[in-house]
Structure formats: structure tokens, C-alpha cells
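Sequences and hints are given; from them, build the entire structure.
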Amino acid sequence: QLESRLESNMEAPPPAQLPPPTSNKHKMLVVTLLSVLVPLLFLSVCVAMVTIWRRHEKRRSKRANGDSSSDSDDEEHCVDRAVLERGVAAGGPKRYTYHELVAATSNFAEEEKLGRGGFGSVYRGHLTLAVAGGDQERRAVAVKMLSAESSAQGRKEFEAEVRIISRLKHRNLVQLLGWCDSRKGLLLVYELVAEGSLDRHLYSKDGFLTWPQRYKIILGLGSALRYLHGEWEQSVVHGDIKPSNIMLDASHCTKLGDFGLARLVDHGAGLLQTTKAVLGTAGYIDPEFVNTRRPSTESDVYSFGVVLLEIVSGRRPVVETAEISFTLLRWVWSLYGRDAVLDAADERLRGDEADEWWMERVLVVGLWCAHPDRSERPSVAQAMNILQSEEARLPALPFHMYRTVPELESYGRHGAFSTDDSHAERSSGVHWQLQ
14 QLESRLESNM EAPPPAQLPP PTSNKHKMLV VTLLSVLVPL LFLSVCVAMV TIWRRHEKRR
74 SKRANGDSSS DSDDEEHCVD RAVLERGVAA GGPKRYTYHE LVAATSNFAE EEKLGRGGFG
134 SVYRGHLTLA VAGGDQERRA VAVKMLSAES SAQGRKEFEA EVRIISRLKH RNLVQLLGWC
194 DSRKGLLLVY ELVAEGSLDR HLYSKDGFLT WPQRYKIILG LGSALRYLHG EWEQSVVHGD
254 IKPSNIMLDA SHCTKLGDFG LARLVDHGAG LLQTTKAVLG TAGYIDPEFV NTRRPSTESD
314 VYSFGVVLLE IVSGRRPVVE TAEISFTLLR WVWSLYGRDA VLDAADERLR GDEADEWWME
374 RVLVVGLWCA HPDRSERPSV AQAMNILQSE EARLPALPFH MYRTVPELES YGRHGAFSTD
434 DSHAERSSGV HWQLQ
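Numbering (the numbering used here), first residue to last: 14 to 448.
Hint data in this document are derived by calculation from the structure and do not stem from the laboratory. Misleading hints may appear alongside valid ones.
As the list claims (entries may be wrong) - Mimicking EDC-like on lysine to aspartate or glutamate, the simulated pairs with C-alpha atoms at most 20 Å apart in a straight line are:
(1) 107 x 172
(2) 218 x 360
(3) 107 x 150
(4) 197 x 219
(5) 218 x 359
(6) 229 x 403
(7) 229 x 373
To be verified - FRET-style restraints, in silico, Cβ to Cβ:
(8) 68 x 127: 32 to 40 Å
(9) 226 x 169: 30 to 38 Å
(10) 56 x 122: 48 to 56 Å
(11) 51 x 120: 46 to 54 Å
(12) 243 x 63: 53 to 61 Å
(13) 216 x 343: 16 to 24 Å
(14) 263 x 365: 20 to 28 Å
(15) 116 x 336: 50 to 58 Å
Glycine residues also receive a C-beta, built at the ideal position from the N, C-alpha and C atoms.
What follows is the structure, encoded as C-alpha cells:
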């Protein structure tokens with residue numbers, strides 16, 4: 014009985030809970046997703062493999078044909094290529110690959126180097142170019158290389174040069190043939206001007222420019238600036254006019270180049286926006302530009318005036334000796350104040366009265382263009398009228414205007430311009446002085 018009571022008081026344990034059965038709807042969803050995703054994944058892998066294979070075959074084919082335009086060095090670029098290509102005129106400069114220019118310059122060989130400046134180096138090269146009649150011809154070119162690690166200003170100058178000079182057409186401007194924006198460097202391809210830069214001829218110990226040659230160079234430079242300032246669809250402010258940017262061909266025809274600092278402005282729009290820094294070369298920079306930081310066509314006229322004085326005198330614009338530092342402009346104006354401006358002319362040019370008459374004319378126009386007050390300067394067209402005409406009257410300039418011309422130190426206080434040691438005469442033997 015006791016046993017039966019115990020058994021009756023003990024409750025049977027609850028049955029074990031089994032997991033709810035998976036619904037048929039859930040199973041169907043999983044099956045459907047797998048049936049869609051697996052083929053899609055397989056198809057994507059196949060497309061990727063085919064694309065990679067086709068790119069590989071295309072690159073191998075181009076390399077076999079001598080075309081390296083698909084190389085990775087040229088796929089990575091450090092400027093806005095779309096902006097450049099939109100800005101280049103149809104039928105204008107060609108975009109070259111880095112490897113094409115490596116081949117053209119024998120891998121930028123030292124023996125092909127034509128010169129070096131603050132921007133980088135210039136090399137001689139040879140490229141096959143299209144010529145009139147649809148033919149092709151292998152020609153010598155000049156390749157200017159800027160470092161791939163160029164500053165933002167360097168890239169800005171590269172873009173400005175490609176966009177602006179590619180649209181300009183004038184016999185007195187260096188022709189831009191092409192460009193390259195590889196990650197290994199920014200490069201510009203120009204026509205190779207046979208005789209090099211003007212400063213090389215002015216200061217060469219082996220050569221000498223006669224007055225007819227110098228006068229031709231002056232008129233060519235003036236013609237180029239007249240086109241830039243007033244004869245194109247917009248005014249182009251060059252921004253860096255100096256002898257090292259003036260090239261000469263075999264017949265001493267002027268070719269103005271280096272548009273890295275060039276700016277565009279609508280005709281009659283006046284001054285451009287303020288720049289962050291004063292860019293240019295000491296001795297050629299407009300003093301008002303130093304103060305206002307606003308480039309203008311008048312700034313170009315000032316530089317043009319200094320170059321005129323330099324061509325006639327054969328002397329550099331900035332003079333530094335052990336005893337004194339001053340500018341060519343101050344010296345010439347001091348001679349003008351004593352009615353002896355012709356004394357500034359290169360002594361090797363003297364002797365012919367007709368030539369001396371034109372030399373004096375050019376010197377006075379040079380002073381007029383470099384007037385300290387930009388509102389008193391002529392336009393390039395006005396200056397050229399006097400330079401080309403025997404009847405046009407010379408301007409009446411104040412004899413003591415040189416007293417207001419800034420001292421050399423006024424350039425240095427701002428410290429933002431680029432300098433070029435080739436334009437500073439450092440010799441204790443200089444025999445001319447400010448009086």
C-alpha cells in the first residue's frame with residue numbers, strides 16, 4: 014500500500030520540448046536566393062576575368078607595336094586632364110605619353126639638355142610630327158620638364174601654359190606642340206627655336222648682335238605683345254617678359270615663350286584679381302604690381318620697356334657691385350635727365366648717325382614704357398607706332414623722373430618674386446655708375 018501511495022504521489026515528468034519544425038516557406042526562400050546569387054557570382058567572376066585578360070592583351074599588343082600609352086605611368090596624372098583637354102583648341106597640341114618623350118630625348122640624356130631654370134630642365138628631342146599636306150616629318154623639339162612633385166603653383170603654371178598658348182597663333186610666339194601629365198613629370202613640347210634665347214646672344218663673348226638685328230628683335234617682341242594685349246579674342250597678360258623667354262630663330266626672328274605666369278582678361282576689364290605672391294624676375298617686375306599684387310597689361314608694358322633698355326645698352330637690368338646696387342632703369346633715366354640718353358647705348362653700336370637716331374628713339378620709348386606711374390605708360394600699340402615710324406613724335410618725359418624710380422631694395426622687401434642669377438651682374442669691373 015505504501016508503495017502504491019508513493020507511486021500515486023509522484024508526478025510523471027513533462028515530455029521533452031522539440032524544436033518547432035522549419036516552415037516550408039523559409040526553405041523555399043533560401044533555395045530561391047541561392048539559385049539566383051550563385052549564378053550571378055559566377056557570371057561576375059567570369060566577366061572580371063575576361064576584362065582583365067582583354068586589357069592585358071591590349072597592352073601587350075600596343076607594346077608590340079611600340080605604343081606605350083596604356084602604361085601605368087601615364088594612367089596616373091597630377092593635373093585635371095579633363096580641364097586641360099577641354100581648354101585645348103581642336104587640332105591643337107597633342108598629348109604625349111611619358112614613354113614617348115623618354116624615347117624622344119634618349120631618356121633625358123645629359124648631352125641633350127639645353128638648359129635649366131627654376132621650372133626644371135629643357136631637353137632637345139626628336140618627334141615625328143604632322144606637316145602640311147598630311148605628311149609626317151621627323152623634327153627636333155624642345156621638351157621642358159617640370160618635377161612631378163611640383164608645387165600647386167607649378168601645376169597651375171603648367172595648366173595655364175597648355176590652355177592659353179595652345180590657342181594663340183602668331184609668328185612671334187613659340188609654338189606649343191604637345192604636353193604630358195604623367196605621374197613621373199609634367200612636360201611641355203615646343204618647337205625648337207634654332208638660335209636659343211636672346212640673353213645668350215646679348216651677353217655672349219663669342220657673338221655680337223648688330224643694330225639691325227637688335228632692331229628686328231625689338232619689333233618682333235612688340236608685335237607679339239600687341240597681339241597678346243589687343244588683337245586676340247581676350248587680352249593675354251604674359252607676366253614674365255625677359256630676354257631668357259625671348260627666343261631667336263635662324264634669321265633672328267623673335268619668338269616669345271614661357272606662358273606659365275600668363276593670365277586672361279576680357280578687353281577693357283582693367284586689372285586682374287589680386288595674386289597671393291609676386292611672381293616674376295627681379296629687375297623686370299612692375300613696382301606697382303609689387304605693391305598691388307594685381308597683374309595687368311601695363312605690367313607687361315613696364316617689362317617691355319626694361320627689355321628695350323637692355324637690348325640697346327647691352328647691360329643687365331639689375332647691377333650689383335662691391336660698392337653699389339641699382340637698376341639699369343635708374344641709370345638710363347639719369348642720363349636722360351642730363352640730355353645724354355644716347356650714352357646708354359652699347360658702345361659697339363655707335364658710329365652710324367642713322368642707327369644712333371633710332372637707338373635714342375628706342376631708349377626714350379623704353380623709359381616711357383617703364384614710367385613709375387602705370388597710368389602714364391603707353392599701350393604696346395602706341396609704343397610700336399613710335400618704334401616703327403620716323404614721323405611719330407617722342408613723348409616729353411620729365412627729366413627728373415628717375416628720382417621716383419624705386420631702389421633695388423624695394424623689390425627685395427617683398428621677397429616673393431623668382432630670381433635668376435643670370436640677370437644680376439656681379440663684377441667689380443663695371444665701369445658705369447649712377448650720377
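Restraint status (C-alpha distance of residue 218 to residue 360 at most 20 Å) = Roughly 15 Å separates the two Cα atoms, so the pair holds.
Note whether the CB distance of residue 56 and residue 122 lies within 48 to 56 Å or breaks it.
-> 51 Å, holds
Supplied distance hint 16 to 24 Å, evaluated on CB atoms of residue 216 and residue 343 = 20 Å, holds
Cβ distance range 53 to 61 Å for residue 243 and residue 63, holds or violated = 58 Å, holds
Verify the proposed pairing of residue 197 with residue 219, using a straight-line Cα cut of 20 Å.
-> 38 Å, violated
Restraint status (C-alpha distance of residue 107 to residue 150 at most 20 Å) = 15 Å, holds
Does residue 359 lie within 20 Å of residue 218 when you go C-alpha to C-alpha?
-> Holds, at about 14 Å.
Using the C-beta atoms of residue 226 and residue 169, is the stated range 30 to 38 Å upheld?
-> 36 Å, holds
For the pair we were handed, residue 229 and residue 373, check the Cα-Cα distance against 20 Å.
-> 16 Å, holds
Residue 263 and residue 365, beta-carbon distance inside 20 to 28 Å?
-> The hinted range 20 to 28 Å holds for residue 263 and residue 365, with Cβ atoms some 25 Å apart.
Starting from the hint 46 to 54 Å, judge whether the C-beta atoms of residue 51 and residue 120 obey it.
-> 52 Å, holds
Distance restraint between residue 107 and residue 172, which requires alpha-carbon spacing of 20 Å or less = 14 Å, holds
Violated hint for the displayed structure: number 4, the only one.
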